[in-house]
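Colleague: Top to bottom, those sequences are chains A and B. For the first sequence, the positions run 1 to 309 when the working numbering is used. For the second sequence, the positions run 1 to 309 when the working numbering is used.
It is worth saying that the hints were derived from the structure and are not from the lab. Computed from a predicted structure; not experimentally measured. All C-beta atoms in this analysis are idealised placements derived from N, C-alpha and C, irrespective of residue type, glycine included. Misleading hints may appear alongside valid ones.
Unchecked claim - If you want the footprint, here are the derived chain A segments under chain B, 3+ residues with CB under 8 Å:
| id | region |
| --- | --- |
| 1 | 74-85 |
| 2 | 93-101 |
| 3 | 115-125 |
| 4 | 210-220 |
| 5 | 283-293 |
To be verified - Ranges between beta-carbon positions, derived for each pair:
| id | chain 1 | residue 1 | chain 2 | residue 2 | range |
| --- | --- | --- | --- | --- | --- |
| 6 | B | R18 | A | A257 | 48 to 54 Å |
| 7 | B | L102 | A | G262 | 30 to 36 Å |
| 8 | B | V21 | A | V21 | 21 to 27 Å |
| 9 | B | L102 | A | R196 | 44 to 50 Å |
Stated by the list, open to error - Far from chain B by the CB rule (all over 12 Å, computed), these chain A residues:
| id | residue |
| --- | --- |
| 10 | V69 |
| 11 | A138 |
| 12 | A299 |
Number of protein chains: 2
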Amino acid sequence: MRVVVALGGNAILKRGDRGTVNEQIAAIHEACAGIARIATEGHELVVTHGNGPQVGRLMLQDEAMPDRVPRFSLDLHVAETQGQLGYLIQQELTVALARAGLPRSVATVVTQVVVDGNDPGFEHPSKPVGPFLSAKGAAEYRLRGIPVAEAAGGGWRRVVASPEPLEIVEADAVRALLSDGIVPIAAGGGGVPVIRDGEELRGVAAVVDKDLAAAVLTATVAADVLLMLTDVDHVVRGFGADDEQLLDKLTVRDARAGVVSGEFARGSMGEKVLAGARAVEAGARAVIASLEHATEALAGTAGTEIVAG
Amino acid sequence: MRVVVALGGNAILKRGDRGTVNEQIAAIHEACAGIARIATEGHELVVTHGNGPQVGRLMLQDEAMPDRVPRFSLDLHVAETQGQLGYLIQQELTVALARAGLPRSVATVVTQVVVDGNDPGFEHPSKPVGPFLSAKGAAEYRLRGIPVAEAAGGGWRRVVASPEPLEIVEADAVRALLSDGIVPIAAGGGGVPVIRDGEELRGVAAVVDKDLAAAVLTATVAADVLLMLTDVDHVVRGFGADDEQLLDKLTVRDARAGVVSGEFARGSMGEKVLAGARAVEAGARAVIASLEHATEALAGTAGTEIVAG
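Assemble the whole structure, with the sequences as input and the hints as a guide.
Modeller: Take a look at the structure:
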């Protein structure tokens, strides 16, 4: 099977870590061991990943010294995180695959993702990026006209526009690597968001959700499975209530309804179940699971599978 | 012919520019128009580029706020610049090729370059990065233990280790793109420097010279020509003297001798003539020329060609 593996933020940097190079390498090392176990089952891999803390770091640095270095636009920062994280993942994954007895080349393709300039996401910034803020820190940002929102895990975070991904620009390159037996890392951080302007592409200030981009990637490479790895084992219905339910399966219809009702919050589980629904509609399987249970999730015995219906 | 085009710093950011996104895009736009003219001659392209100002910017930002965000190591910064510049170049080059009537996919491969951990470059930092410094600024850096050196163009700049490039790690990926008719952008900023540590690769704090890396890339993809584009039309012998000579040809022997004697200074023209010598020894042609005369340089009627002998 061809499997698109989408690594959540936690697979790249543990919650609570400050974001040092060594912390990133340690998290990625562990994630790559998990990915290598999938490969040993005989599956062909495509890897994608989030970039929330990393892109937030670059935004923070830009803001801190606008007089000494020119500020970059957000599209450039996303591209920078693709370079940084792609480099670390390809370095670690190559070794993990070799140790698993499956030596393969791994390479990152810098990837643009086309979005619609009229996407409502540009009016309503919703994607959390960067470090968690105190109420006071959040208030300061607000005063400077920078949007913030309460974070799913408590506290506040900056939010940026998160338009819908429509198309992977570097689809040919990803397919070229796959057809040569190379493991591509692509659409990192949801891809660099660009809009079409005649025959040109133009970067925009946004961060595309990496799971939604992974669903587009799944269709683009005609993958059999979209495997979204995160820090929980299952999608939960009625989270925190007495009758909360760990779901083994979730239908496309219930996934979409849960996103509309807010049961699966945007900026958290909402995009994952939506990405799963889209992947299933495009003819793939889609599973949300923890890194630890990745191989079981592929076998259908762990995680939450989004199913037709 | 298969041509490796190495874009100098000036093709990515004009001398004197502050480094805004728009300045970078304008310079890259012009460079890509030049590259597209090469493609219209029927040549197959591989693109590589420098990253001096861009990597310097990231180092400067890291230094400015060590308490708020963890400092990254230099290998990560190089990888970040590959993402950033690769993104901008692939975006502009795609359009330039389409306008030239040669629609092609263009994709950046995040590229590691193996160096030797015992390279003398680690003892003697020599590669200038980042903005030009005043004598006072340079003295401040010295006091903090950060190496600086007088720059070729006047003023001072930070210098970092610049070990010899030995091998392109992602050679398979670059070849896979080429064999599918895709234009690869690879080894940007000289590649992310890594050393071999058993079966692992490990990033090191250095910046590999992009022309020397381009020579390795030339051999790796068995290119017919290494074309180094810079802001001068010719290599000059006896620069500034009454009898200074614009060279049409330079033998491998004279190139190497000029590097040893200091006639072709390291950190400036030295690496270019050395890269040219190595490319010629590997069986390719090598030409140093200005962006404006790139096609004439390929035809042998402009620039300085390094020749056997």
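Colleague: Do three or more residues of the region 93-101 of chain A come closer than 8 Å to chain B, measuring C-beta to C-beta?
Modeller: holds (count 4)
Colleague: So the hint says 21 to 27 Å: do the beta-carbon atoms of V21 of chain B and V21 of chain A match that?
Modeller: Because 26 Å falls inside the window, the suggested range holds.
Colleague: For the range 48 to 54 Å, tell me whether the beta carbons of R18 of chain B and A257 of chain A fit it or not.
Modeller: holds, 51 Å
Colleague: Looking at V69 of chain A again, its CB stays over 12 Å from all of chain B?
Modeller: violated, 5 Å
Colleague: So the hint says 30 to 36 Å: do the beta-carbon atoms of L102 of chain B and G262 of chain A match that?
Modeller: The hinted range 30 to 36 Å is violated for L102 of chain B and G262 of chain A, with Cβ atoms some 50 Å apart.
Colleague: Are three or more residues of the region 210-220 of chain A within 8 Å, CB to CB, of chain B?
Modeller: violated (count 0)
Colleague: Closer than 8 Å Cβ to Cβ for three or more residues is the test here. Does the region 74-85 of chain A pass it with chain B?
Modeller: Check passed, 8 qualifying residues.
Colleague: In terms of beta carbon proximity below 8 Å, does the region 115-125 of chain A have 3 or more residues touching chain B?
Modeller: violated (count 0)
Colleague: Does the hinted range 44 to 50 Å hold for L102 of chain B and R196 of chain A at CB?
Modeller: The hinted range 44 to 50 Å is violated for L102 of chain B and R196 of chain A, with Cβ atoms some 20 Å apart.
Colleague: Would you say the region 283-293 of chain A counts as covered by chain B, given the rule of at least 3 residues with C-beta under 8 Å?
Modeller: violated (count 0)
Colleague: Is the Cβ of A138 of chain A more than 12 Å away from each Cβ in chain B?
Modeller: holds, 16 Å
Colleague: Test the statement that A299 of chain A is away from the interface with chain B: the closest C-beta pair must be farther apart than 12 Å.
Modeller: holds, 29 Å
The structure shown violates the earlier hints numbered 3, 4, 5, 7, 9, 10.
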